[in-house]
Amino acid sequence: MSSNPSLTTMKRTVEQLKLEASVERIKVSQAAADLQQYCLQNAGKDALLFGVPIGSKLFREPRSCALLFIQLSDDAYISISKN
Amino acid sequence: MGEMEQMKKEAEALKTQIEAARKAVHDTDMASAASGVAPAPRVQLKTRRNLKGHLAKIYAMHWSTDNRLMVSASQDGKLLIWDSHSGNKVNAVPLKSSWVMTCAYAPSGNLVASGGLDNMCTVYNLKTPVIKTVKELDAHTGYLSCARFLSDTEVLTASGDTTCALWDLETGKQKTVFLNHVGDCMCLSLSPDMNSFVSGACDSLAKLWDIRDGQCKQTFLGHTSDINAISFYPGGNAIITGSDDCTCKMYDLRADQELITYQDAALNSGVTSLALSMSGRLIFAGYDDFNCNIWDSLKGEKVGVLSGHDNRVSCTGVPPDGMCVCTGSWDSFLKIWN
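Read top to bottom, the protein sequences are chains A and B. Take the position in the first sequence, starting the count at 1, then add 65; the result is the number in the numbering used here. Counted from 1, the second sequence has number 259 at position 265 by the numbering used here; the numbering is strictly sequential.
There's no promise every hint is true.
As the list claims (entries may be wrong) - Derived list of chain A stretches under chain B, where covered just means 3 residues or more per stretch with a C-beta under 8 Å from a C-beta of chain B:
(1) 75 to 87
(2) 98 to 105
(3) 110 to 117
Claimed, not checked - As a list, the in silico SDA-like pairs of lysine to any residue whose alpha-carbon atoms are at most 20 Å apart:
(4) B:K9 <-> A:E80
(5) B:K2 <-> A:V79
(6) B:K2 <-> A:L82
(7) B:K126 <-> B:E148
(8) B:K293 <-> B:P314
(9) A:K83 <-> B:D204
(10) B:K121 <-> B:S145
(11) B:K46 <-> B:K2
(12) B:K293 <-> A:Q101
Simulated from the structure, these hints should not be mistaken for laboratory data. Computed from a predicted model, the values in this text were never measured in an experiment. For every residue, glycine included, the Cβ atom is placed at its ideal position computed from N, Cα and C.
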């Protein structure tokens, strides 16, 4: 080990670069595909993407009322009021 | 002298080699690869809770793993523990030093931590009849910018002294020091499997570290200014960074390079904070211009904005169950949106 501090630092830099150069890299197309797959597979659970599940009272004001409409036929609906 | 010149040449050659290796696997870009993916819906979230209680700028917030409690830190010299469902304050922890920059909730819910310009990370026990200071982690020679608990016995910190450190809470000593950044470390994020973490610094680099052997494994270039915020993508294969250069970027760990930049010509404020929705699809990025912009992480498009704060958005967080997003601001308020 040299007593010259900047030489020591330089040696460390070279060692670090050697380590980083030796990383095995996958193709960007593969990486992108895997990330997409993760997102799409988990999208259903993502409340910020598609909305909080109907009926969930989380963070909604306690006294609000939700109306659910159920379609019986082309022009007939019944409504259910949910507090 | 000759040896120095030789080393410099070797370093340059290695940098060129790394660049070439990255180019060699760059067979497409993220936006093209995502062209077949349906666009994310326009995201319009409403403020569900306005948490009032701090008397000065809020600098940090962190969700508990119970998806309900959260801790916030303000330069009014307090940590506040909130019940996000009721909006009530559950606890207040007075800080010795009011110059706080970070706070963290332990996964167990038993402990919280804070730190800042006092260069220390202070850990508090929330479960004793009166909240007690458990440890003062004192060894950094620069400000504490970020802290995260691995468990009730280990804490990771990032510091303005350019290092990150892993601490043993029982002894109060550093177990491992992570040395490689040449600028203040501003942020860190733990990998989902807890074996590694990433750090962002004022040297505009993001680095991936192995927690156990202390080594820097990969370095990510691209930003042109301080990286203020960083987060692992759920799944653990990518990271998102936010910078003073007004952009966010996604880097893939296995491709070892930048995949996409989230930027807009109209945006010329720095990114202060970021959080991801639980599928990773949405990035909530807080900016100096008082807004939190929402980005589609796959397509690189802005899909919404959270407006309502009267000052810089300094922190954002999504709880593990992904049911909402919290923003904290220099206007002293926290807002919960979904």
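Comparing the hints with the structure gives:
1. Restraint check on the stretch 75 to 87 of chain A versus chain B: 10 residues with Cβ-Cβ distances below 8 Å, three needed, restraint holds.
2. For the stretch 98 to 105 of chain A, the stated coverage by chain B holds: 7 residues have a C-beta nearer than 8 Å to a C-beta of that chain, and at least 3 were required.
3. Only when three residues or more bring their CB closer than 8 Å to a CB of chain B does the claim for the stretch 110 to 117 of chain A stand; here the count is 7, and the claim holds.
4. Proximity of K9 of chain B to E80 of chain A is assessed by CA-CA distance (about 12 Å); at most 20 Å being required, the pair is judged to hold.
5. Of the supplied pair hints, the one linking K2 of chain B and V79 of chain A holds, its CA atoms being roughly 8 Å apart against a limit of 20 Å.
6. Between K2 of chain B and L82 of chain A the alpha-carbon distance is near 12 Å, which keeps this suggested pair within the 20 Å criterion.
7. For the hint pairing K126 of chain B with E148 of chain B, the CA-to-CA distance comes to about 18 Å; that is within 20 Å, so the pair holds.
8. Note on K293 of chain B and P314 of chain B: the hinted pairing is violated, with a Cα-Cα distance of about 23 Å set against a maximum of 20 Å.
9. The hinted pair formed by K83 of chain A and D204 of chain B meets the criterion: a straight-line CA distance of about 16 Å does not exceed 20 Å.
10. Between the alpha carbons of K121 of chain B and S145 of chain B the distance comes to roughly 15 Å, so the proposed pair stays at or under 20 Å and holds.
11. Restraint check for K46 of chain B and K2 of chain B: not satisfied, since their Cα atoms lie roughly 55 Å apart, outside the 20 Å limit.
12. In summary, the hint linking K293 of chain B to Q101 of chain A is supported, as the alpha carbons are separated by about 10 Å, within the 20 Å threshold.
Hint compliance for this structure: hints 8 and 11 are not met, and every other hint is.
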